[in-house]
Amino acid sequence: MPAASSVEMRKVNKYYDKFQALKDIDLSIPPGKVTCLIGPSGSGKSTLLRCINFLEEYDSGEVRIDGQLIGYDAPNKKMSGRRLREMRRSIGMVFQQFNLWPHMTARENVAEGLIRVRRISKADADRRASEALAKVGLADKSASHPSRLSGGQQQRVAIARAIAMEPRLMLFDEPTSALDPELVGEVLSVMRTLAGEGMTMVVVTHEMGFAAHVADQVGFMEKGELVSVDSPDRILHHPEDPRIQSFLRTYHERNSF
Amino acid sequence: MEWSVLQQYGPSLLKGFGNTILCWALGTVFGMALGLVIALVQRYAPRWVTWIVQAYIEVIRGTPFLVQLFVLYYGGPLVGLRLDALPAGLLGLTIYGSPYFAEIFRSGFRAVPDGQIEAARAIGMSESDIVRRILLPLGLVSALPALVNFSIILTKETVILSIITVPELLYQVQRMSAETFRYVEANLVLALFFWGLVETISRVGLRLEARITKHLIERT
Numbered sequence: 001m002p003a004a005s006s007v008e009m010r011k012v013n014k015y016y017d018k019f020q021a022l023k024d025i026d027l028s029i030p031p032g033k034v035t036c037l038i039g040p041s042g043s044g045k046s047t048l049l050r051c052i053n054f055l056e057e058y059d060s061g062e063v064r065i066d067g068q069l070i071g072y073d074a075p076n077k078k079m080s081g082r083r084l085r086e087m088r089r090s091i092g093m094v095f096q097q098f099n100l101w102p103h104m105t106a107r108e109n110v111a112e113g114l115i116r117v118r119r120i121s122k123a124d125a126d127r128r129a130s131e132a133l134a135k136v137g138l139a140d141k142s143a144s145h146p147s148r149l150s151g152g153q154q155q156r157v158a159i160a161r162a163i164a165m166e167p168r169l170m171l172f173d174e175p176t177s178a179l180d181p182e183l184v185g186e187v188l189s190v191m192r193t194l195a196g197e198g199m200t201m202v203v204v205t206h207e208m209g210f211a212a213h214v215a216d217q218v219g220f221m222e223k224g225e226l227v228s229v230d231s232p233d234r235i236l237h238h239p240e241d242p243r244i245q246s247f248l249r250t251y252h253e254r255n256s257f
Numbered sequence: 001m002e003w004s005v006l007q008q009y010g011p012s013l014l015k016g017f018g019n020t021i022l023c024w025a026l027g028t029v030f031g032m033a034l035g036l037v038i039a040l041v042q043r044y045a046p047r048w049v050t051w052i053v054q055a056y057i058e059v060i061r062g063t064p065f066l067v068q069l070f071v072l073y074y075g076g077p078l079v080g081l082r083l084d085a086l087p088a089g090l091l092g093l094t095i096y097g098s099p100y101f102a103e104i105f106r107s108g109f110r111a112v113p114d115g116q117i118e119a120a121r122a123i124g125m126s127e128s129d130i131v132r133r134i135l136l137p138l139g140l141v142s143a144l145p146a147l148v149n150f151s152i153i154l155t156k157e158t159v160i161l162s163i164i165t166v167p168e169l170l171y172q173v174q175r176m177s178a179e180t181f182r183y184v185e186a187n188l189v190l191a192l193f194f195w196g197l198v199e200t201i202s203r204v205g206l207r208l209e210a211r212i213t214k215h216l217i218e219r220t
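First to last, the sequence lines map onto chains L and X. Numbering of the first sequence is given in the numbering used here, commencing with residue 1 and proceeding in unit increments. Numbering of the second sequence is given in the numbering used here, commencing with residue 1 and proceeding in unit increments.
Please keep in mind that the hints were generated in silico from the structure rather than gathered at the bench. Do not rely on the hints blindly, as some may be mistaken.
Among the chain X residues that face chain L by a calculated CB cut under 7 Å, a handful are [unchecked claim]:
id, residue
1, I52
2, A55
3, A111
4, G115
5, Q116
6, I123
7, G124
8, M125
9, D129
10, I130
11, P167
12, H215
Yeah, the Cβ is synthetic: ideal placement off N, Cα and C, and Gly gets one too.
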């Protein structure tokens with residue numbers, strides 16, 4: 001396992017025209033730890049996450065991976081495409097909609113980045129892809145196309161695609177929100193294993209159970225603000241901020257029957 | 001009906017049909033290639049380049065093919081572009097088809113979910129690899145039915161080449177009609193030939209579609 005990355009966000013702002021999606025975000029993500037981001041939809045969780053690998057371009061402030069600024073060489077001076085791609089190589093990302101490439105088999109999906117980005121030979125890439133698929137419990141599905149896989153299996157292939165690149169940081173954007181309830185567990189268990197191996201993980205999620213049991217810190221966002229970052233226990237069980245209390249009340253009401 | 005004249009004119013009709021197929025096939029291939037280039041330029045080139053290309057699309061789509069051919073064949077020599085009928089016809093078909101093909105490719109590209117492009121960016125793939133490995137294969141699959149459809153439309157545009165004396169099927173049919181006064185027979189033959197060509201293209205298109213979408217269709 002390569003060394004785990006840390007992330008530092010300082011005064012990060014993001015606007016969509018006049019709408020401010022992120023307001024002065026300050027967040028430290030320590031290496032080897034799991035950070036969960038929770039909050040109502042539209043609160044900016046996914047936007048914040050996507051700023052970390054610069055899929056979303058923040059407008060001001062700094063996002064540093066292991067001390068290195070991502071996206072910009074200096075304020076208002078964009079980083080070159082080549083340098084950005086180099087930084088992204090060590091940041092894995094998993095999406096809500098899986099985003100596997102439907103014309104490739106599971107193994108080809110995982111091998112693609114190794115061949116095109118890491119410039120590894122096809123044979124080596126296939127071997128590593130098979131290993132990554134075995135790790136997420138899908139050794140027997142490597143020749144299947146995504147259309148033949150369940151949502152949970154597709155998401156595990158997507159995780160394999162990310163970890164095959166040997167990232168030092170993994171970003172998860174609501175990885176279980178598009179899944180049928182009975183398929184959520186298999187994905188969370190793969191994520192738990194990854195966390196146990198000391199991967200730095202940032203997870204946007206509505207799975208409070210995962211946040212409570214696996215996260216080292218939990219951030220609560222509302223209306224573009226990072227309201228509070230604290231231990232899972234203090235955010236989820238003893239929240240002081242009324243906004244968090246109200247969010248959790250709604251959550252519990254919706255999930256009780 | 002008097003079909004015996006066909007014996008005499010059969011060879012020239014077949015030759016004409018051969019030229020029709022040649023013009024259609026090359027015009028389609030070149031038109032598609034130019035259309036693909038245009039669609040990629042419109043997606044990736046700087047703003048001012050896309051404006052120029054957009055103007056080209058508007059002009060070609062906004063004017064009749066007949067007029068474009070006249071301008072190319074009879075107006076071309078005025079600016080030093082002297083072409084024989086067949087090359088002029090091929091160039092004309094290529095130009096005429098290119099903006100339609102470009103629009104078909106554009107819609108095909110748009111059908112590729114942003115997320116699949118983002119996934120490629122997120123692992124650090126270069127834009128050129130993204131185009132080659134993700135955008136093109138997936139965009140082509142979405143575009144295929146419309147590509148086949150427009151190439152079928154193009155089969156029938158080839159008859160306009162007879163106006164600049166390209167010896168394709170309509171040209172031969174008209175010669176036969178003028179010499180024998182067998183208008184009905186001659187035009188029925190023309191209709192049959194075209195019908196056969198279009199049926200063939202359409203069947204090949206469907207086969208191709210079935211083959212390349214085999215792995216893309218969700219089976220539950």
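Hint-by-hint comparison with the structure:
1. I52: violated, 25 Å
2. A55: violated, 29 Å
3. A111: Violated, because the Cβ-Cβ distance from X/A111 to chain L comes to roughly 12 Å (cut-off 7 Å).
4. G115: At 4 Å from the nearest chain L Cβ, X/G115 passes the 7 Å test, so the hint holds.
5. Q116: Hint holds; X/Q116 Cβ to chain L Cβ min 5 Å, cut 7 Å.
6. I123: holds, 4 Å
7. G124: holds, 4 Å
8. M125: holds, 5 Å
9. D129: Hint holds; X/D129 Cβ to chain L Cβ min 5 Å, cut 7 Å.
10. I130: Violated, about 9 Å.
11. P167: violated, 43 Å
12. H215: With a closest approach of 4 Å, the X/H215 hint holds.
In the structure shown, a violation is registered for the earlier hints numbered 1, 2, 3, 10 and 11, in ascending order.
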